[in-house]
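Here the structure of chain A is known, so what remains is to put chain B in place on it, guided by the hints.
In the order they appear, the protein sequences are chains A and B. Just so we're aligned: the first sequence equals residues 7 to 215 in the working numbering. Just so we're aligned: the second sequence equals residues 7 to 215 in the working numbering.
Hints are computed from structural coordinates only; laboratory data are not their basis. Note that the structure is a prediction, hence the values are computed from the model and not measured. Glycine included, every Cβ here is placed at the ideal spot set by N, Cα and C. Some hints could be false.
What the simulated footprint calls covered on chain B by chain A, stretch by stretch (three residues with Cβ under 8 Å from a Cβ of chain A suffice, anywhere in the stretch; the number is not a length) [said to hold, decoys possible]: (1) 42-56; (2) 127-133; (3) 143-151; (4) 157-168; (5) 180-194.
Partial list, derived from the structure: chain A residues whose beta carbon lies under 8 Å from chain B [unchecked claim]: (6) E128; (7) R138; (8) V150; (9) I155; (10) R156; (11) A200.
Number of protein chains: 2
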Amino acid sequence: MRISELSARSGVAVPTIKYYLREGLVPEGERRSATSAEYETIHLERLRLIRALVDSGVSIAATRNVLAALDDPPPNAHRLLGLAHAAITAAADVEIDVSAAEELATGLGWQPGMCDDRVLTEVARALAAIERAGFEVPADVMPVYLRSIRAMADAEIANVPTESVEAAVRYVVLGSVIVEPLLLALRRVAQQVASAERFGGSEASPPPE
Amino acid sequence: MRISELSARSGVAVPTIKYYLREGLVPEGERRSATSAEYETIHLERLRLIRALVDSGVSIAATRNVLAALDDPPPNAHRLLGLAHAAITAAADVEIDVSAAEELATGLGWQPGMCDDRVLTEVARALAAIERAGFEVPADVMPVYLRSIRAMADAEIANVPTESVEAAVRYVVLGSVIVEPLLLALRRVAQQVASAERFGGSEASPPPE
Chain A
7 MRISELSARS
17 GVAVPTIKYY
27 LREGLVPEGE
37 RRSATSAEYE
47 TIHLERLRLI
57 RALVDSGVSI
67 AATRNVLAAL
77 DDPPPNAHRL
87 LGLAHAAITA
97 AADVEIDVSA
107 AEELATGLGW
117 QPGMCDDRVL
127 TEVARALAAI
137 ERAGFEVPAD
147 VMPVYLRSIR
157 AMADAEIANV
167 PTESVEAAVR
177 YVVLGSVIVE
187 PLLLALRRVA
197 QQVASAERFG
207 GSEASPPPE
Chain B
7 MRISELSARS
17 GVAVPTIKYY
27 LREGLVPEGE
37 RRSATSAEYE
47 TIHLERLRLI
57 RALVDSGVSI
67 AATRNVLAAL
77 DDPPPNAHRL
87 LGLAHAAITA
97 AADVEIDVSA
107 AEELATGLGW
117 QPGMCDDRVL
127 TEVARALAAI
137 ERAGFEVPAD
147 VMPVYLRSIR
157 AMADAEIANV
167 PTESVEAAVR
177 YVVLGSVIVE
187 PLLLALRRVA
197 QQVASAERFG
207 GSEASPPPE
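In isolation and in its complexed conformation, chain A is listed as follows (with noise of 0.2 Å):
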């Protein structure tokens, strides 16, 4: 298909797909002249998977390594995990103190060395920030966090196809970044859904006492 085709299948603008394309994010179509090139089924699945990722809030250079990571896996299934999320995470930042995130994870069932330092990391920048807001998470609420959050990661875990590679590293790369944005929109209706039942839904209800 000519590059116009593809922008109307995919919903990606022809300048945008010749950004991705300068950007080496799609490959190059077949040339068939100077001024056209042939794209195929893979392009379009391609722009349509960078336009998920870019659409979850994933940055461009985020965007580059989680296709480096599906193109290029690694052997191991857990290694794959670590590189999933260090394509979606910064750096390390070696000056943080981890040491509230590795008390934290303990209630998820870590141990040191089970997983990678930026993981742990972005756990002490979250938990920074909550106490730079002022803010809590109440003492009855952090438990709950962590015994649903290990819940959804071992149905998410037990759920990794092991028939091929190529199946795992799909599973994992997009199951850790695309379905962050639908957790946090079903987070946002179940608040809704719980505080419709404490408080009552209706904008004639009373205040809380």
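Just chain B, lined up with the frame of chain A:
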């Protein structure tokens, strides 16, 4: 205190503070002369809060909305949550079909009228992005997501403080925004822990069969 001390104590650079003042995110200090003003603890707290929100990935526009919600709280605790969510969510896109999102939300206990269109639209957008990426949440995993997220929301809403509207506002607004990066970071740790348990954490372990 002078703006230089305010900068030192908040960790926010003076030009950035001046930008926030111009944007109305931080109230003006009391003028002492044509070139200097005096700032108080409330300015410091406001700056720390802005920094935490911005660090959590909240845009300046959304930060303004969150601050407005804190400064001028609605009288009803349930509407509060809608307001907090609206502050950090893009306007609902009328063209998007929310029927799949509503069906999914039913698994969270959702019933018509319980939550505003924005959060359902966000779920619909996230579902569309997942589909565009050619990804599918496994049938075994989705019910675990719904159950776990509902459990987290129940704990969060059960802990909304009711001793004052201000305390409720602060908890609801900050709790929905500031905690998100922590939950995503903990999810990555939990995934690596579950993966280490299933596949073995060392680089020497064999690839999945």
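Checklist line | Residues of the segment 143-151 of chain B with Cβ under 8 Å from chain A, three needed, outcome | finding: That given contact holds, which follows from 6 residues of the segment 143-151 of chain B lying within Cβ reach (below 8 Å) of chain A.
Notebook entry, point to check: Under the criterion of a CB-CB separation shorter than 8 Å, is A200/A in contact with chain B as hinted?
Noted result: 4 Å, holds
Checklist line | R156/A as an interface hint toward chain B, with CB separation required under 8 Å | finding: 5 Å, holds
Next item on the list: Report holds or violated for the interface hint on V150/A, using the least CB-CB distance to chain B and a cut-off of 8 Å.
Entry: V150/A check passes; min Cβ-Cβ to chain B is 4 Å, inside 8 Å.
Note to self: Please check whether R138/A passes as an interface residue: C-beta within 8 Å of a C-beta belonging to chain B.
What the structure shows: 4 Å, holds
Note to self: Under 8 Å is the threshold here; is the Cβ of E128/A close enough to any Cβ of chain B for the hint to stand?
What the structure shows: 4 Å, holds
Next item on the list: With a C-beta cutoff of 8 Å, work out whether three or more residues of the segment 127-133 of chain B approach chain A closely enough for the coverage to hold.
Entry: holds (count 5)
Notebook entry, point to check: How does the coverage statement for the segment 42-56 of chain B fare against chain A, requiring three or more residues with Cβ below 8 Å from a Cβ of that chain?
Noted result: Since 3 is at least three, the answer is holds.
Margin query: Take the shortest C-beta to C-beta distance between I155/A and chain B; is it under 8 Å?
Written below: 5 Å, holds
Item checked: Coverage assertion for the segment 157-168 of chain B with respect to chain A, Cβ distance below 8 Å, three residues required -> Check passed, 11 qualifying residues.
Notebook entry, point to check: Do three or more residues from the segment 180-194 of chain B put their C-beta atoms closer than 8 Å to C-beta atoms of chain A?
Noted result: Satisfied; 14 residues make the cut.
No hint from the list above goes unmet by this structure.
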